[in-house]
Every structure is written in C-alpha cells, then in structure tokens.
Amino acid sequence: MSLQKPSIPKGTRDFSPLEMVRRNYIFDTIRKVFQLFGYQPIETPAMENLSTLLGKYGEEGDKLLFKILNSGDFLENRGWRMEDGSRRSEVGGRNEEQLDYRTLLPFITEKGLRYDLTVPFARYVVQHQNEIIFPFKRYQIQPVWRADRPQKGRYREFFQCDVDVIGSDSLLNEVELVQIADKVFTNLGLKYIVKLNNRKILSGIAEVIGEPGGMIDLTITLDKMEKTHMDFVITELREKGFADASIDALAPFLNFAAEKDLAVILPFLKVNLHASSIGLAGIDEIEKITGYLQDLQLSGSVELDISLARGLNYYTGTIIEVKAKDVPMGSICGGGRYDDLTGIFGLKGVSGVGISFGADRIYDVMNELNLFPEMIAATTKVLFVNFGAAEEKFCLPILSSLRESGIPAEIFPEAAKLKKQLDYANRKKIPYTVLVGENEMKEGMLTLKDMQTGEQKLMTLEQVKEKMAK
RNA sequence: GUGGUCGUAGCUCAGUUGGUUAGAGCGUCAGAUUGUGGAUCUGAAGGUCGUGGGUUCGAGCCCCAUCUUCCACCCCA
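Residue numbers for the first sequence follow the numbering used here, so the first one is 20 and each next one is one higher.
Worth double-checking, as some hints may not be accurate.
[What the hints assert, rightly or not] EDC-like cross-link-like pairs, simulated, lysine to aspartate or glutamate; straight-line CA separation at most 16 Å:
no., residue 1, residue 2
1, Lys51, Glu195
2, Lys307, Glu195
3, Lys29, Asp167
4, Lys400, Glu423
5, Lys342, Asp242
6, Lys86, Asp135
7, Lys171, Glu387
8, Lys367, Asp167
Since the hints were derived computationally from the structure, they do not count as laboratory data.
Given the sequences, and given the hints that come with them, work out the whole structure.
Right, dumping it as structure tokens:
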C-alpha cells in the first residue's frame, strides 16, 4: 500500500477497457454519420488564449472557464514581493488591498482550457480562411472542460462531438443537422425528441411585450417552464425587473408554450408577432425547416418549443436541442445558428450553424437503458499457452502468421501454470486457446481448444486459421 | 458559487449506548492438482476506518474544518 492514496480531480473519470469499447462504439457511430454527410475532421488545442474564450459564453460561462496559471514566478516579475515586506503592487499602481480578482487575473493567467468546440472552431476558421473551401463542413470530436460542480450527467471533463457548417445561410443546413441527429440516434438505438426554436422568435416576443432589451433574461427564465410552472416564471421575471404590463402581454405566449402542434402554434405566433418583423422572420425559418422535415422519414419527433432557450449567447437564429426519451437527463445534443461568431475575430458576414453531441450523456443514457450490444467486447480471438522457451520460439512465427491473416492473437508471456493461463483466457473472454508442447512441435501441429465447450483437436495452422476466420 | 448528502480491505457492505486486538462475502495469492480452466476444500496476504484538528480515561461512532461522491439550485452536453 502506498503512503498516499492517488486520486483524480473532481468531476473527471478514468475509462476502463469495457467503458472504452462502449465509448468508441458511440464515437465510431457518430463519426461515420458525420462522414456520410460530407463533413471533414479537424482538431484544435486543448488550451486557447483566454482572449479567445472570454466573453463568448456570457458571464456565467466566463466563471466556468478553467484558467491556466502562467509559468514562471509572475509574482516576482510584477514586483509584488518586496524586500521590506511592504508588498506594494505595480498593477495599475494599486495597493495589494485594492487588488481584486478581476484586476489580478490578466497578470497571472493568459490561457484557458476550451469550454466548447464552437468558439475554437470560429477562431480556426478566421485563422485559416484562405485555405478553407466554403461552405466549410467540419466535425470535431474532442474533450472540453468546465469548472462546474459535478452532478447527474454533468462532468468537468467531457467529450463533445461537433458538426458545423460555416459560410452558408441556407436553412438546408439546419435540415441536414436534424437528419444527422436522427441518423446517429437511430443507429445507436436511442429514442429521441428534437426540439426546435428560433432566437428571432424569442427576440420578437421580447419586442412585442415591450421588453426589447430583455431577450436574454426572458429566454433563460422561459426555459424553466418545463421544469417549474407559469407562476414561477412570472415571479422570476418580475424579480428581473420586467414591467407588469410586459408580463401580462407575455401570458398568451406562456399559455402556448406547451403547445406542440405546429398547425396550432404557427398561426398563433403569426398573429401575435405580426408587429415584429424579426419575429416573423423567425417563424418563417421554422416553417421552412419543418416543411422540409415533414417529407423525410425520421425515427423521432420534431417539435417547436417556444420555451426552448438553450444554447449559448452567440446563437442568433435556429436553436436545436435533442432529448432522450424514457430517461431523465439534460439534453444529449444541442446547437444552433450563429450569424457572427467569426466577426469577433475579424471575419464579418459569415454565418454558421452546428450541433454538438454530448458523448458522455449519450453513454449514460444508453447504459441506463441497456442499449450497448454484447458483441462489442470482443478483443483477442486466440491465446497461445506458454509451456517454455522452446515452445515460445516455435509459437512466435505462427502467431505472426495468424495476425497476418487478421486474427487477433496473443501468447501468455510466462510459462505459468496451465490453470493460471486458462483462467486468464476465461477472464478476458478469449474464445480459443492453442496448446503447443513437445508432441505438437514434433508433429508440426497445434492443439486448438474451444474454451466454451472444452473440446480440443489437433490440427494444422491452416485449419486453425480457417476456424478462426468464421 | 448556494444548499444537502456520502466516505470502513481491490469491490459490495456489517460494525450495538463511545469500551480490549475493526468483521463478512466476493476478488487476489498460495496449496490440495508439475499438460487441461470455470467447481470444491484448506490457508495467507490485504485497514493510520477519506484527511486534519478537537472533545473524552477511551473515538470507526460525538464536534469542527477540509477533500471526495452523489443530488438539487445557478447554468449547461
């Protein structure tokens, strides 16, 4: 026993072989679908400059950024450590006591771990704009980090699988993203619901009720409709400073928040948002998208949910969220359109839209519903039992030959007791073992043992290969 | 960040009102059994009871702090 117990940071996890096999199954499924729709892979660094990250996710997002401490003795360099103990600071000419977190921050950290894949992607697009073929369809599967407090379906390190297309306004892209989600979840055997909304509709509602500047506050609160209820929403809006008249004007929308029938809610919105051109534009977009989707065979349902606000601050148009059926879990996939994310980095007028699959939540949902196929545990097909040095030498070329034929094979690395070696095969669920001792070597034959039935037979290498190939 | 919750052997968990040397099952290792496994039997190893303080003659048990787990809020995949 070591002196101190090792551990890993809060909200992070190790993945053991069984978990990895299952996670790879999810990643492979997703990756295949992305490629099927013509998307290309990229990767970006785990860390970005804080200037890239800060201010893109809202105030809350900034707090959840993992920041990386500068290397070197930055205290010494800033003159914060004085010989006489006076510890005066050169930062903005302020005293130690006047220093707060925000003032200090830029001096001790300038890098952070990525918070999502969309913002680094926008940065990437701007930096590589001359080599990119637009519209650029890319996918990216990498971990992201958030300094959140862990809970159900929430980790501090988790994988996102992003697909985005940038450089095209077409709503065809939105339609395609829904199709991608459909294909991924259908292939994984997951039942799902796609929820759609549009920031322009939300903006229109804010405008119509007389709170044009309150869109963000409104949407965040509206999003709680599903979890809580109307009274809660009204109370919270009042706390956020919405006028009574505005809240009264909002009431009809709240009443329709639960309405899922497009034939009912679309006409309702058209009437009630007629005074807002932006709101009407949003309705129009939703109508076009759902119009296309009607003709496609999707395995899940698609709904317009005007209480859906999810997504980060940079979304400007369509908002997409996918929830798993039959399991209480946050969204397992989400995204939307962002009209000017690259604008912040100096490339104006380029619109993008994308969604992100939460691999870890998908894993949790599939685990809970027992949706992982049994077969994917298979690794080694045949184990060569080790009887000693002479036998090892005899077996190695045979092993190579098997591997050449694409049969995963291994030899036990020590001439341990047979019991131990067979036990190893059992525990690793290796279906066959090969026993080669003096007799077999003399005859140039192999004894193949079926670990399930216990049956064993003397055969040639070719016969073994034939049997393994099945 | 706020509120609650959990932590005893590798794993799952007992542990009485605060009382001598902290237990069980599973797993591991060794042997019964030196080329035939999954079974059975025998034996062994394995613990600063999350960590640090405190109360007490005495703490796994009570108090405080801290870390971790899980859950809710905020927010989000």
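Status of each hint after checking the structure:
Proposed proximity of Lys51 and Glu195 is supported: the alpha carbons are some 15 Å apart, at most 16 Å. For a cut-off of 16 Å, the pair hint linking Lys307 to Glu195 stands: about 13 Å separates their Cα positions. Distance check on the hinted pair: Lys29 and Asp167 sit about 10 Å apart at the alpha-carbon level, within 16 Å; holds. Between Lys400 and Glu423 the CA atoms are separated by roughly 14 Å; this keeps the pair inside 16 Å, and the hint holds.
The hinted pair formed by Lys342 and Asp242 meets the criterion: a straight-line CA distance of about 14 Å does not exceed 16 Å. Using a Cα cut-off of 16 Å, the hinted pair Lys86 and Asp135 holds, with the two alpha carbons roughly 14 Å apart. A C-alpha spacing of about 12 Å is found between Lys171 and Glu387, which places the hinted pair at or below 16 Å, so the restraint holds. A distance of roughly 32 Å separates the Cα atoms of Lys367 and Asp167; the hinted pair therefore is violated under the 16 Å criterion.
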